[in-house]
Amino acid sequence: AQKITQTQPGMFVQEKEAVTLDCTYDTSDQSYGLFWYKQPSSGEMIFLIYQGSYDEQNATEGRYSLNFQKARKSANLVISASQLGDSAMYFCAMRLTNTGNQFYFGTGTSLTVIP
Amino acid sequence: DAGVIQSPRHEVTEMGQEVTLRCKPISGHNSLFWYRQTMMRGLELLIYFNNNVPIDDSGMPEDRFSAKMPNASFSTLKIQPSEPRDSAVYFCASRLTTGWKGPGELFFGEGSRLTVL
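Taken in sequence, the protein lines are chains V and A.
Reading the first sequence from the start, the letters are residues 1 to 115 in the numbering used here.
Reading the second sequence from the start, the letters are residues 1001 to 1117 in the numbering used here.
Just chain A, same shape as in the assembly:
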């Protein structure tokens, strides 16, 4: 079974450039999450979607960050313009909301490691 697929796996770019990270959730999952992981701040939730609708974007650092989910099988996280402090591993995760029954665990992609020079 295909898991959460992220691309690119690695991205090196220069400050000021636009960066687009892509995610394909597990088929049938109705919630999608974008996390950022750094040594200093750990795992931070940036935004999550439920049924393709953004529900909570309070974790998005600033206006340079934007995320879209045009359909149930695709999401993007865009940083424009990028800055060195954006360097991190960005994870996409999806889950099937199950109500109160069952774990409904998050399934993570392998992450996109972003380096902004």
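Okay, chain V solo, but in the shape it has when bound:
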């Protein structure tokens, strides 16, 4: 069963605009962590932001914020003031605390920032 769903294969955003990348997850566990990674065309996987299931506030890291809606089981990534360098694949992932090391990755969303 797919635990992470990213329904947007590709997204376009105008430079300097904000964009939201969708991620929904499926688990009955109460303790888990949600992660977003960026993969530019060069191929490396870069950790962006983390949200714990018990965190009451949405996580923020610079221009990245995570819109965490627990009841809806969604963990959308919001990128504000998009830059050309934000063009990349973005992956949502979940780790269940009880299973320790198992990370579940989504299929990714390709973001293109248009000048």
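Be aware that a few hints might be false.
Going by beta-carbon spacing under 10 angstroms, a handful of chain A positions derived as facing chain V [unchecked claim]: (1) Gly1003; (2) Leu1046; (3) Ile1055; (4) Pro1084; (5) Arg1095; (6) Pro1103; (7) Gly1109.
Calculated directly from the structure, the hints in this document are not laboratory data.
Every residue gets a Cβ at the ideal spot worked out from N, C-alpha and C, and that includes glycine.
Given the structure of chain V, go ahead and fit chain A onto it with the hints provided.
For chain A alone, coordinates are given in the frame of chain V:
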């Protein structure tokens, strides 16, 4: 600080040949993962180690694949014999297990791009 180091970055080989991919995790990290990424299947977990012990190898495609972690600072993924369908980017990642506190995110290497002709 040194990140996860993988070698080789690129490998082109012929079908039937043995391929060995290498990984040095971040010092102090106690978990190591091997992932495979293809356009068709996305990012797949092949195997992971905890404290050098293989914990879950259910993602290893078949007996042609094997992985070892002889010590905390080195791991190998071997494919013997290689086939064209093994062509992919292979990522090694490591993390420090933190219990429930903190992200304990995965740190990825730059990947090894394998092409089997």
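Using Cβ atoms only, decide whether Arg1095(A) comes closer than 10 angstroms to chain V, and label the hint accordingly. For Arg1095(A), the interface hint holds, since the closest Cβ of chain V sits about 7 angstroms away, which is under 10 angstroms.
Quick check on the hint: Gly1003(A) CB to chain V CB, less than 10 angstroms? This hint holds: Gly1003(A) lies near chain V, its Cβ roughly 9 angstroms from the closest one there, short of 10 angstroms.
With chain V as the partner, please determine if Gly1109(A) meets the hint condition of a C-beta pair closer than 10 angstroms. holds (8 angstroms)
Restraint satisfaction for Leu1046(A) [CB to CB of chain V, less than 10 angstroms]: Not OK, violated: Leu1046(A) not within 10 angstroms of chain V, min 13 angstroms.
Less than 10 angstroms between beta-carbons is the criterion; does Ile1055(A) satisfy it with respect to chain V? This hint holds: Ile1055(A) lies near chain V, its Cβ roughly 7 angstroms from the closest one there, short of 10 angstroms.
Hint check, Pro1084(A) versus chain V [nearest Cβ-Cβ separation less than 10 angstroms]: Hint on Pro1084(A): violated, closest Cβ of chain V at ~21 angstroms, above 10 angstroms.
Answer holds if the nearest beta-carbon of chain V is closer than 10 angstroms to that of Pro1103(A); otherwise answer violated. holds (4 angstroms)
Going through the hint list in order, the structure does not satisfy hints 2 and 4.
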